[in-house]
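Construct all of the structure, not just a fragment, from the sequences and the given hints.
Residues per chain, in single letters:
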Amino acid sequence: EAGVTQFPSHSVIEKGQTVTLRCDPISGHDNLYWYRRVMGKEIKFLLHFVKESKQDESGMPNNRFLAERTGGTYSTLKVQPAELEDSGVYFCASSQDLKETQYFGPGTRLLVL
Amino acid sequence: AQSVSQHNHHVILSEAASLELGCNYSYGGTVNLFWYVQYPGQHLQLLLKYFSGDPLVKGIKGFEAEFIKSKFSFNLRKPSVQWSDTAEYFCAVLGSNYKLTFGKGTLLTVNP
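One line per chain: the protein sequences are A and B, in this order. Residues in the first sequence are numbered from 1 upward in steps of one, following our numbering. Residues in the second sequence are numbered from 1 upward in steps of one, following our numbering.
What the hints contain is simulated information worked out from the structure, not anything from laboratory work. Hints are not guaranteed to be accurate.
What the hints assert, rightly or not - Mimicking DSS-like on lysine-lysine, the simulated pairs with C-alpha atoms at most 30 Å apart in a straight line are:
id, chain 1, residue 1, chain 2, residue 2
1, A, K54, B, K71
2, B, K71, A, K44
3, B, K61, B, K71
As the list claims (entries may be wrong) - In silico contact screen, one side only, chain A against chain B (beta carbon under 7 Å); selected entries:
id, residue
4, I43
5, F45
6, E57
7, Y74
8, Q96
9, L98
10, P106
For each residue, glycine too, the CB sits at the ideal point set by N, CA and C.
Spelled out as structure tokens, the structure:
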């Protein structure tokens with residue numbers, strides 16, 4: 001069974017540019033989560049999809065971040081325009097049920113210069 | 001709001017030494033507790049979890065953790081570490097809002 005995959009693995013962009021991160025969850029997992037780790041800090045929740053619906057987006061930093069989950073399958077997280085403080089590792093996770101284990105992808109390392 | 005505290009930022013041990021990593025959480029309701037590990041160059045993997053039942057939980061690679069409700073703790077232990085245990089370890093709590101709250105992580109370096 002394939003795990004959670006994320007693309008790209010690394011992205012280096014300039015301040016003001018746009019970046020789109022993609023996450024493909026484990027097949028059949030209705031729950032999809034985005035987390036972020038800024039250097040030196042803890043991993044923090046960004047948002048949670050149940051199928052195509054946003055269940056909880058309380059962790060999204062501001063309106064420069066837009067997440068979508070088309071058809072309840074893969075998800076994208078767009079940052080527009082990117083700022084220096086957006087640098088970090090963006091993790092995606094998925095789970096079959098709400099209180100079950102969340103399985104993580106390898107993360108996307110974003111560096112905003 | 002729930003929070004997780006990991007006591008050690010960086011732990012350095014020699015092979016065969018015993019390991020205990022501290023984790024305390026703050027949450028008033030029923031919690032599910034996790035330890036995740038990230039080996040160098042790899043993604044976060046589940047080490048073990050506690051949902052209910054026996055408070056002593058055994059995980060992969062000889063790791064175990066004990067849930068002590070009165071102390072709000074979920075410490076990770078291993079009797080004898082190996083060089084291959086070098087990794088970053090994260091304690092996390094899943095509350096009723098279904099999102100994980102992580103500690104800051106503990107970097108474990110095991111010297112051969």
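Cross-check of the supplied hints:
1. Restraint check: the Cα-Cα separation between K54 of chain A and K71 of chain B comes to about 35 Å, which exceeds 30 Å; the hinted pair is violated.
2. Distance check on the hinted pair: K71 of chain B and K44 of chain A sit about 24 Å apart at the alpha-carbon level, within 30 Å; holds.
3. Only pairs whose Cα atoms come within 30 Å are accepted, and K61 of chain B paired with K71 of chain B is accepted, the gap being roughly 26 Å.
4. The restraint placing I43 of chain A at the interface with chain B holds, with a minimum CB-CB distance near 4 Å, inside the 7 Å limit.
5. A hinted interface residue such as F45 of chain A counts as satisfied when its beta carbon comes closer than 7 Å to some beta carbon of chain B; here the least separation is about 4 Å, so the hint holds.
6. Given the 7 Å rule on beta carbons, the hint for E57 of chain A is violated: about 11 Å separates it from the nearest Cβ of chain B.
7. Taking 7 Å as the C-beta cut-off, the interface hint given for Y74 of chain A is violated, the closest approach to chain B being about 17 Å.
8. At a threshold of 7 Å, the smallest CB-CB gap from Q96 of chain A to chain B is about 13 Å, leaving the interface hint violated.
9. Contact between L98 of chain A and chain B, as hinted, is supported at the beta carbon level, the nearest pair being about 5 Å apart and thus within 7 Å.
10. This hint holds: P106 of chain A has a C-beta 4 Å from the nearest C-beta of chain B, less than the 7 Å allowed.
Taken one by one, the earlier hints fail for this structure at numbers 1, 6, 7, 8, listed in ascending order.
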